[in-house]
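Residue strings, one per chain:
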Amino acid sequence: MSESHLSEAKRVTRPVVNEVELIIPMLPDMEITATQTACSVAQYMKFDPDRIDEVKMALVEAIINAFEHSKSQDGKVRIKFVIADDSLTVVIQDHGKGFEINSIEKPDITQKLKAEYKRGWGLMLIENLMDTVYIESSEHGTTLVMSKNRV
Amino acid sequence: MSESHLSEAKRVTRPVVNEVELIIPMLPDMEITATQTACSVAQYMKFDPDRIDEVKMALVEAIINAFEHSKSQDGKVRIKFVIADDSLTVVIQDHGKGFEINSIEKPDITQKLKAEYKRGWGLMLIENLMDTVYIESSEHGTTLVMSKNRV
Amino acid sequence: MSDLFNLTVEEHADYAIIRTEGYVNNLGGERIGEAADQLIEQGVKKLVLNFEKSNVVNSIGISILIEVIEKVVDVDGRICFCFLTKTIEKTFNIMGLTQYAEIYETEADARASLA
Amino acid sequence: MSDLFNLTVEEHADYAIIRTEGYVNNLGGERIGEAADQLIEQGVKKLVLNFEKSNVVNSIGISILIEVIEKVVDVDGRICFCFLTKTIEKTFNIMGLTQYAEIYETEADARASLA
Ligand SMILES: Nc1ncnc2c1ncn2[C@@H]1O[C@H](COP(=O)(O)OP(=O)(O)O)[C@@H](O)[C@H]1O
Ligand SMILES: Nc1ncnc2c1ncn2[C@@H]1O[C@H](COP(=O)(O)OP(=O)(O)O)[C@@H](O)[C@H]1O
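Residue numbers (my numbering), protein chains in the order written: chain A, 1150 to 1300; chain B, 1150 to 1300; chain C, 419 to 533; chain D, 419 to 533.
Since the hints were derived computationally from the structure, they do not count as laboratory data. Ideal Cβ placement from N, Cα and C applies to all residues, glycine included. One or more of the hints may lead you astray.
Which bits of chain A does chain C cover? Going by a derived footprint, with three or more residues having C-beta under 8 angstroms, they are [stated by the list, open to error]: (1) 1173-1184; (2) 1193-1203; (3) 1206-1216; (4) 1253-1264; (5) 1272-1280.
Take these sequences, add in the hints, and give me the full structure.
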């Protein structure tokens, strides 16, 4: 076995230690529990309070979407906090019915003021509060991956 | 199918929604992240602040034991918060080397004052701060189950 | 958490102040909506919403605030928010609420603007 | 978190006060241990540990406090804790530390007892 082979093997078996995982039941206000975990992880990473607050707000939106829209049978939302040197990535996952991402329209305040349905801001807020957002959704559920840089 | 059969089936398939699960990496001070989740869950259950504080202290001890003693290869500790009507149960689990529970001696302050090794208080504190404690340990790891009644 | 939401209303000759405490989610938002409805029905056209003790909002709560803004706009009134956290202020900006609602740092500032 | 641990020492004629801030874990405990060692070496026999800004301790930190207590006992000194949270006080009681260390509500109370 060559040297490089060995170090490759080491890299693969090295435990992934930079993740915090949280699974919450779909119960009212459980998103607040999740934001407290987010806060604690981000403080650990020495994020400044304003950036932590933005992650918390985006997380609330992602979680209430899963609570409200996913119709997941298992009644749970899984949240992963991935700690990297310069960024925090939060993955929010449900095993619900999913949705057609391309069918979501960008909300506009002037229209919403007159409209009957005033909702539809969550995804737009997440996109604006985080640095990168990626959504994958199918009939097996929805996974939202969002990252915030430390600075 | 009889009535009672039906309701039994219902009970079995009903999703367990009263659990929060947290998986933390074995990194310094990560136990604080876990206590913040504990705090949030216990507040959700309307535990009074003093009892929450006792759960937090017991949780710190259980987690630093897993961090320090388990030598777990996966570098993770799994914590489950089980919400019941009148009690909060916290399960702390590692996949480390385990230990012989019966070999643990109860520490005594007068002896410890003169002894070289002043440690060995964690399990004793957990037992005194919580209402019930159950430990299962084998070469596959350790599971500590501790409960605190709401009142 | 939601049962920790609280709200007080202070009525003045020409305007009213709604001070909130706690999470502005669907429930918190509805409480604000009801209070605002009642004031507008009474003829109040100028509202100050003091969020000093509300650090967390969600978009469901905000969409109820949009209803309130709509009603205020309909009566040619004014609505002022104060003591918003940086993130809530940023959120209001992102959503464009600031085209229809005014944001002030303190309650005194908001009141002064209405005088 | 640990890098948020802080400690100040205030020396008086006959005693010294150590005020801590942050998590008393292995690192925090060691910092207290070092400060206490230095004071005892200087001949200080009475210590006040003010934990007003330390709400979390762990048993590793406390075992270092036991070392400090041992050293104080060895010089026939006295050690007083103050501003302990209810849980930390309960913990000290469970462990029996209170047989060797005194607990006071406030720093003033602790100082008065040493006068
Ligand atoms: N996790 C999810 N599961 C299923 N559908 C979702 C999920 N997240 C978002 N959606 C869909 O996307 C739409 C837009 O979401 P959002 O922008 O957060 O606004 P709102 O939740 O107020 O409707 C929702 O109405 C819903 O149809
Ligand atoms: N999760 C664990 N994995 C392996 N060994 C453990 C675990 N928890 C406790 N132990 C064993 O039990 C002993 C007593 O633990 P404890 O009472 O917490 O005191 P301390 O950690 O200070 O030694 C430890 O020294 C260790 O040998």
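We went through each hint and held it up to the structure:
Under the rule that three or more residues need a Cβ within less than 8 angstroms of chain C, the assignment of the stretch 1173-1184 of chain A holds, with 5 such residues. With 3 residues having a beta carbon nearer than 8 angstroms to a beta carbon of chain C, the stretch 1193-1203 of chain A meets the requirement of three or more and the stated coverage holds. For the stretch 1206-1216 of chain A, the proposed coverage by chain C is satisfied: 4 residues have a C-beta within less than 8 angstroms of a C-beta in that chain, meeting the threshold of three. Figure legend: the stretch 1253-1264 of chain A, annotated as covered by chain C; annotation consistent (7 residues with Cβ-Cβ distances under 8 angstroms, at least 3 required).
Figure legend: the stretch 1272-1280 of chain A, annotated as covered by chain C; annotation consistent (4 residues with Cβ-Cβ distances under 8 angstroms, at least 3 required).
The structure shown violates none of the earlier numbered hints.
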